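Colleague: Chain by chain, the residues run as shown.
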Amino acid sequence: MSKHHDEPLIELNGLFKTYDGAGFGAAKKKVHAVHDVSLTIMPGETLGLVGESGCGKSTTGRMAARLLQPSAGNITYRGRDLSLLRGRESKTMRKAIQYVFQDPYASLNPKFTIADLLEEPLRIHKLGDKAERRRQVDAMLETIGLNSSYARRYVHELSGGQRQRIGIARALMLKPEFLILDEPVSALDVSVQSQILNLLKDLQKQYGLTYLFISHDLNVVHYMSDRVAVMYMGKLVEIADVEGLYHAPFHPYTQALISAIPSEQRGKRSERRLLTGEIPDALSIPEGCSFHTRCPYVRDSCRRETPPIIGMGESRTVRCHLYPVDEGLDYGETKVALG
Amino acid sequence: MPLLTDWVKKAIEPEPSSQQRNCRLPEAGERDEDELLAVRNLSVNVKSSSRPVIEGIDLTVGRGEIVGIVGESGCGKSVLSLSIMGLLPSALKLGGGELRLNGQSLHQASQRQIRSMRGKHMSMIFQDPMTSLNPTLTIGEQLTESLRLHLKLGGREARERAVLWLRRTGLPRPEAILSSYPHQLSGGMRQRVMIAIALCCEPELLIADEPTTALDVTIQAQILDVLFRIREEEQTSILFISHDLGVIAELCDRVAVMYAGQIVEQGTVEELFESPQHPYTIGLMKSIPKPEKKGMRLYAIPGTVPSLHDRGEGCRFQSRCAHAAAICLDAMPALEHRGGSHAVRCFLASGERREMDV
Ligand SMILES: Nc1ncnc2c1ncn2[C@@H]1O[C@H](COP(=O)(O)OP(=O)(O)OP(=O)(O)O)[C@@H](O)[C@H]1O
Ligand SMILES: Nc1ncnc2c1ncn2[C@@H]1O[C@H](COP(=O)(O)OP(=O)(O)OP(=O)(O)O)[C@@H](O)[C@H]1O
Ligand SMILES: [Mg+2]
Ligand SMILES: [Mg+2]
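Just so you know, the protein sequences line up as chains A and B, in that order.
Going by UniProt numbering, the letters in the first sequence line up with residues 1 to 339, in that order.
Going by UniProt numbering, the letters in the second sequence line up with residues 1 to 358, in that order.
So that you can see chain A by itself, here it is in the shape it has in the complex (with noise of 0.2 Å):
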């Protein structure tokens, strides 16, 4: 596998993204969904995208996609800018970009069989004849572990495990090299979510291929991924390497999320750091940095101005006003985690 290759497989540069919200007249307000996201994935590479429900991630992953036009800013693949491509140069690079939706349920057509499901994208980009489409459809059954008399079946007879199992199927038919994973085993129980975990970790070894894996489950980021990536309220507050991440998290918001992830094991409830203070939404990103209003180490300037990103050491940058560490101030925990 080829990873850590020097060239990025994608480059999200200063990605922004407004919605109109809803509302009439004056009332109607835009959604700033994702605000100056810049994100790098090599080949081979696995990121996970982690944050708060309604922070842009889906957002994020759609634009990476080229399923959704950004307000502002460009995407690189291999190096050549995604909105400029033109006719099989733009088709071939819909083959090799892949999304896997968050919802197998309402993504997939109940009114076709499994095979057709699968052959579909074949179809569309006329790969094949119809025996060889169906020979295809096949072999990625037997890829991902359900045998061929799942063909004839339709979505609704399968279980929520093996119906994600189909999203990711349909993915890969056309052997792309990224794919974006959105919340790919969120509504499954803890036994199926394995299986497809260690599908998608086989796939990848299997092909080469390189994940942006979006997911509430800071276990299962934590498994999956090579570097993370922490979004709040639309901007990106940090990014790391996956073990600097989890055992030194900088930004406030990630120590928070880190310090929050449930275990099994009885009494660490008590150790957690819940946050006070008021939650904004989308509508109404406060001024200066997004989170000053759940901070536990709020200064003025962070309710004045937004922080920059800053790069902290190799493989990490952070977007907080504590950082770079001023030796004089008390950081309280994050000084800890500074060590």
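Simulated from the structure, these hints should not be mistaken for laboratory data.
What you are looking at is a predicted structure, and each value in this text was computed from that prediction instead of being measured.
Among the hints, a few may not be true.
[To be verified] The calculated lysine-lysine pairs, modelled on PhoX-like cross-linking and capped at a C-alpha distance of 20 Å, are:
#  : chain 1 : residue 1 : chain 2 : residue 2
1  : B       : K47       : B       : K93
2  : A       : K201      : B       : K120
3  : A       : K205      : B       : K293
4  : A       : K201      : B       : K293
5  : A       : K95       : A       : K29
6  : A       : K91       : A       : K126
7  : A       : K175      : A       : K130
8  : A       : K175      : A       : K126
9  : B       : K290      : A       : K201
10 : A       : K91       : A       : K175
11 : B       : K47       : A       : K205
12 : A       : K175      : A       : K201
13 : A       : K95       : A       : K126
14 : A       : K205      : A       : K175
15 : B       : K152      : B       : K120
16 : A       : K201      : B       : K294
Got chain A sorted already, so can you dock chain B with the ligands onto it with the hints?
Modeller: Just chain B with the ligands now, kept in the frame of chain A:
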């Protein structure tokens, strides 16, 4: 190995009857002062085929107790909760068994009686918040309606209480949310509105079906804290359904594990997490992704759950069980006491298999 030690213990000291007494599992006709909800040998069937979706469910929720339910997707957790609330979909119907709240039968109650119990006596947070909120009414209308109806509060009082509960679930700008419609809120916000609606009448029993699945862990922690506090302050009983074993372990007093329509194991959180006995429960625990498993293959229970039509005579888990023997194919094990409040539905754990198999 916990199975064996328990076995030995049982062989040495013959089952004392005192063990049965402090055990939460129901006896026929028994009713405990502390018992709020009693489910006895309940089954729910598909109307068209009369096949049971869930069957033989025995479950008690004490006053101020938090009971968790875990289990494979499709095993019947939501169907069980809907049957308690009297809200089964039209394709399903109650089969045999009993349902009691506060000693009062829900099974024989009329639709009107059940409706009068919803809200004030029992309420539910549904798995899917989008389909359970009315899209044509504002959040405020939906919240205050139930307060007026069940608590007979006046308009202003109802509004104040609605704001209070929205704030307690961590929602920003609760006053503004009162005048929004469901589609204007993100998934996580809708879920918290549902939680506020379910809690605002301070029910005796709250059924929470995956209430925190769409929320990030910091907000999840806040919701769990709210649930914990209403239990402490109001003695609210909670039936809590989740796939997340970490959340279950943190929140619950007791846990029931369901598989293919049945309870296969139940006990206190300690009993269940420290010495799980049913092979399905053991498999679930082994599947939890933990930091130390990074780079290793995750354990997954082999095979898939049998469909409603493929459930045979024997143990439902038999086709996926590494220890299955002849008897497991032929007979259905009963849910048996294993000391304390621990009960397991497995020949292996009960020792019966040994005798019959040798
Ligand atoms: N089509 C749309 N029109 C208007 N607002 C939208 C639209 N899609 C998303 N939003 C808003 O944009 C913000 C980001 O949404 P997004 O779906 O990207 O969040 P997310 O991080 O994926 O959340 P979740 O974890 O709940 O899936 C939210 O505030 C959401 O309400
Ligand atoms: N309206 C219905 N008609 C027929 N069968 C149904 C209906 N609703 C549910 N079922 C069946 O009942 C079984 C139990 O479903 P239920 O929704 O209770 O599962 P669950 O344990 O809540 O699963 P999940 O974890 O995925 O939410 C499933 O096999 C399902 O197919
Ligand atoms: Mg999303
Ligand atoms: Mg359910």
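Colleague: The structure should be examined with respect to each hint, and the outcome stated for every one.
Modeller: Okay, the hints, checked on the actual structure:
Taking the CA atoms of B:K47 and B:K93, the gap is about 6 Å. The hint holds against a cut of 20 Å. The hinted pair formed by A:K201 and B:K120 fails the criterion: a straight-line CA distance of about 49 Å is larger than 20 Å. With a CA separation close to 18 Å, the supplied pair A:K205 and B:K293 stays within the 20 Å bound. Between the alpha carbons of A:K201 and B:K293 the distance comes to roughly 13 Å, so the proposed pair stays at or under 20 Å and holds.
Restraint check for A:K95 and A:K29: the C-alpha separation of about 36 Å exceeds 20 Å, so the hint is violated. Among the hinted pairs, A:K91 with A:K126 is consistent with the structure: their alpha-carbon atoms are about 12 Å apart, no more than 20 Å. For the given pair, A:K175 sits about 18 Å from A:K130 by alpha-carbon distance, which is consistent with the 20 Å threshold. Of the supplied pair hints, the one linking A:K175 and A:K126 holds, its CA atoms being roughly 14 Å apart against a limit of 20 Å.
Distance hint between B:K290 and A:K201 is fulfilled; the C-alpha atoms sit about 16 Å from each other, no more than 20 Å. Between A:K91 and A:K175 the alpha-carbon distance is near 13 Å, which keeps this suggested pair within the 20 Å criterion. Taken as a hint, the B:K47 and A:K205 pair is broken in the structure, with Cα atoms around 47 Å apart against an allowance of 20 Å. At roughly 16 Å between alpha-carbon atoms, A:K175 and A:K201 fall within 20 Å of each other, so this suggested pair holds.
This hinted pair checks out: A:K95 and A:K126 have alpha carbons roughly 12 Å apart, not beyond 20 Å. Restraint check for A:K205 and A:K175: the C-alpha separation of about 14 Å stays at or below 20 Å, so the hint holds. Taking the CA atoms of B:K152 and B:K120, the gap is about 11 Å. The hint holds against a cut of 20 Å. At most 20 Å may separate the alpha-carbon atoms for a hinted pair to count; A:K201 and B:K294 meet this at roughly 11 Å.
Consistency note: the structure conflicts with the earlier hints numbered 2, 5, 11.
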